[in-house]
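Once you have looked at the hints, place chain B with the ligand on chain A.
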Amino acid sequence: MTVTYEDALATYEPVLGLEVHVELGTATKMFCGCATALGAGPNTQTCPVCLGLPGALPVVNETGVESAVRIGLALNCEIAEWCRFARKNYFYPDMPKNFQTSQYDEPIAYDGYLDVEVDGEVFRVEIERAHMEEDTGKSTHVGGTTGRIHGASHSLLDYNRAGIPLIEIVTKPITGAGARAPEVAKAYVAELRELIKALGVSEARMEQGQLRCDVNLSLMPAGTTAFGTRSETKNVNSLRSVERAVRSEVVRHAGVLDGGGRVVQETRHFHEDTGTTTSGRTKEEAEDYRYFPEPDLVPVAPSREWVEKLRAGLPELPRLRRNRLREEWGVSAHDMQSILNAGAIGPIVATMDAGADAASARKWWMGELARRANEDGVELAALAITPEQVARVAALVGEGKLNDKLARQVITGVLDGEGAPDEVVDKRGLAIVKDEGALGAAVDEAIAANPGVAEKVRGGKVQAAGALVGAVMKATRGQADAARARELIMEKLGVAD
Amino acid sequence: MPGITREEVAHLARLARLELSGEELDHFAGQLDAIIGAVARVSDVAGEDVPPTSHPLPLTNVMRPDTVRPGLTAQQALSGAPAQEQQRFKVPQILGEE
Ligand SMILES: [Zn+2]
Numbered sequence: 001m002t003v004t005y006e007d008a009l010a011t012y013e014p015v016l017g018l019e020v021h022v023e024l025g026t027a028t029k030m031f032c033g034c035a036t037a038l039g040a041g042p043n044t045q046t047c048p049v050c051l052g053l054p055g056a057l058p059v060v061n062e063t064g065v066e067s068a069v070r071i072g073l074a075l076n077c078e079i080a081e082w083c084r085f086a087r088k089n090y091f092y093p094d095m096p097k098n099f100q101t102s103q104y105d106e107p108i109a110y111d112g113y114l115d116v117e118v119d120g121e122v123f124r125v126e127i128e129r130a131h132m133e134e135d136t137g138k139s140t141h142v143g144g145t146t147g148r149i150h151g152a153s154h155s156l157l158d159y160n161r162a163g164i165p166l167i168e169i170v171t172k173p174i175t176g177a178g179a180r181a182p183e184v185a186k187a188y189v190a191e192l193r194e195l196i197k198a199l200g201v202s203e204a205r206m207e208q209g210q211l212r213c214d215v216n217l218s219l220m221p222a223g224t225t226a227f228g229t230r231s232e233t234k235n236v237n238s239l240r241s242v243e244r245a246v247r248s249e250v251v252r253h254a255g256v257l258d259g260g261g262r263v264v265q266e267t268r269h270f271h272e273d274t275g276t277t278t279s280g281r282t283k284e285e286a287e288d289y290r291y292f293p294e295p296d297l298v299p300v301a302p303s304r305e306w307v308e309k310l311r312a313g314l315p316e317l318p319r320l321r322r323n324r325l326r327e328e329w330g331v332s333a334h335d336m337q338s339i340l341n342a343g344a345i346g347p348i349v350a351t352m353d354a355g356a357d358a359a360s361a362r363k364w365w366m367g368e369l370a371r372r373a374n375e376d377g378v379e380l381a382a383l384a385i386t387p388e389q390v391a392r393v394a395a396l397v398g399e400g401k402l403n404d405k406l407a408r409q410v411i412t413g414v415l416d417g418e419g420a421p422d423e424v425v426d427k428r429g430l431a432i433v434k435d436e437g438a439l440g441a442a443v444d445e446a447i448a449a450n451p452g453v454a455e456k457v458r459g460g461k462v463q464a465a466g467a468l469v470g471a472v473m474k475a476t477r478g479q480a481d482a483a484r485a486r487e488l489i490m491e492k493l494g495v496a497d
Numbered sequence: 498m499p500g501i502t503r504e505e506v507a508h509l510a511r512l513a514r515l516e517l518s519g520e521e522l523d524h525f526a527g528q529l530d531a532i533i534g535a536v537a538r539v540s541d542v543a544g545e546d547v548p549p550t551s552h553p554l555p556l557t558n559v560m561r562p563d564t565v566r567p568g569l570t571a572q573q574a575l576s577g578a579p580a581q582e583q584q585r586f587k588v589p590q591i592l593g594e595e
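As you go down the protein sequences, you meet chains A and B in turn. Heads up, the first sequence is in my numbering, so the first residue is 1 and it goes up one at a time. Heads up, the second sequence is in my numbering, so the first residue is 498 and it goes up one at a time.
Chain A with its partners taken away, still in its complex shape (with noise of 0.2 Å):
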């Protein structure tokens, strides 16, 4: 049965849970001295921990345990006085140890909550529990058509990516959120990405698996309480697909209810092309990790005073920075949004921090450079040009020794690799000319080959000049200054402007 999210909403109120999964900037991985290090060869960042040997030990990394103190005090949770790693014990080749460590019902973190923004209203997502945990290695499959698991003859392993330490943020039952429910779980996450890389502890880039969003998802009938058997879509890894995600489940869901079908609790693959989402394993089969303390890490009891000295080391919260910047730079709270949404607040401060003023910084970051990333696929701040860069070109722009035009085609050999924003000028030729004799020259021809629009002008009708000053700027492939020919126009035709 077919339903719109329009008619779901009418029936139903979308009852969301969000767990993220952060992988930490550390330098070695969360329970042995291995490098994290990414783009190494395969298998070169292991050691007898990390692959399971017998006999090994592992020890906790301090600065893991810090990150995720911290990450648990900026959402407002309590930290627990004393709490144990677990054993995750599952049969899968991508831990060697064939179970994950973890921590089970004793989180470093729990009861917090994370105020977002939803066109300029606030939400409040209450956190359940922020624990640590770590990676898996990478599978690659062998044999199949697609690189996926059907048809694959076997698979290969990589455990580099085993024992960097993730830490996993819950969210309690977010309910009430109505229509809204995928803009709130988007706002979430792009909330949490910001929280995150304000602490300094990932770069949280969601393109490279830094962060990911698991979405849970059930409805229950409108003006009820007690809600209905959810589906947990795995992995989806970008803002929009968060939003896509919760969208196409609602009317998933939505279609099976109303069909009159029961809604199976299972877990769910999201596909970007098609944004919806396919059925993968019953949860009943798959879920007995049979958890237990992990007895090799002895317990983790964070003191008083060092709680303290962490939460008073917070940075500003990215919520209020951004309500400040909102001001300074004088944008909507709808166009602070978008900026957030596109990650380039961070560019943006760091560009005015290198000279520029606030509106050329946002103009660059979110027009050609947020096409550009979008066009390739990454996000602002993987893009291979820096925020200095970007401010000298504002600078070069301010100066008139660029126009708009020609500032795109710098900004696109900056991010070609053809060198700083003044060498690609250089090389591509593309500064203003400001050569009097050339662009008059320019001009002489321009007037010379439309003398029926020379004819109007002098006539009075000045706005047909853009006819000229158009037939100038192609002459000099877009490099002469504007506003220059078209007074010189104005001069060689005896007419004021």
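Calculated directly from the structure, the hints in this document are not laboratory data. These figures come from a predicted structure and were not determined experimentally. Even glycine gets a Cβ: it sits at the ideal position worked out from N, Cα and C. Treat the hints loosely; a few may be bogus.
[Claimed, not checked] Far from chain B by the CB rule (all over 10 Å, computed), these chain A residues:
no.: 1; residue: Leu53
no.: 2; residue: Arg161
no.: 3; residue: Ala482
[As the list claims (entries may be wrong)] What follows is a set of in silico ranges between Cβ atoms, one per label pair, in the way DEER data are often shown:
no.: 4; chain 1: B; residue 1: Leu556; chain 2: A; residue 2: Ala312; range: 24 to 32 Å
no.: 5; chain 1: B; residue 1: Leu556; chain 2: A; residue 2: Ala56; range: 15 to 23 Å
no.: 6; chain 1: A; residue 1: Ala384; chain 2: B; residue 2: Val559; range: 37 to 45 Å
What follows is chain B with the ligand alone, placed relative to chain A:
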């Protein structure tokens, strides 16, 4: 008495992806029962006032600084692998999951 059943052994075997015959299920049920029974004797001496203990040492907060230490080379890491390909551990087809 713990009383490990044949069904429980079958469940554990499935979780561990082990194929056991009916005969083996009975055999292991008896063995596991004996092992758990032996361990359970601890409960006989621990009175009501003794909390469940996961760690025998009164230690907390044993941590290491976030400093990289040399690990294994890929060759060393793979030296015990039954099969390898492209500097990776090669494992059989993973069935029934995605
Ligand atoms: Zn290691």
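Outcome of the hint check:
At roughly 8 Å, the least C-beta separation between Leu53 (chain A) and chain B is not larger than 10 Å, which violates its mark as non-interface. With a least beta-carbon separation of about 12 Å from chain B, Arg161 (chain A) lies farther than 10 Å from that chain, consistent with its non-interface assignment. Its beta-carbon lying about 55 Å from the closest one in chain B, Ala482 (chain A) satisfies the requirement of being farther than 10 Å from that chain. Judged by the Cβ atoms, the range 24 to 32 Å given for Leu556 (chain B) and Ala312 (chain A) holds: they are separated by roughly 28 Å.
At roughly 19 Å, the beta carbons of Leu556 (chain B) and Ala56 (chain A) sit within the given window of 15 to 23 Å. A hinted range of 37 to 45 Å holds for the C-beta pair Ala384 (chain A) and Val559 (chain B), which are about 43 Å apart.
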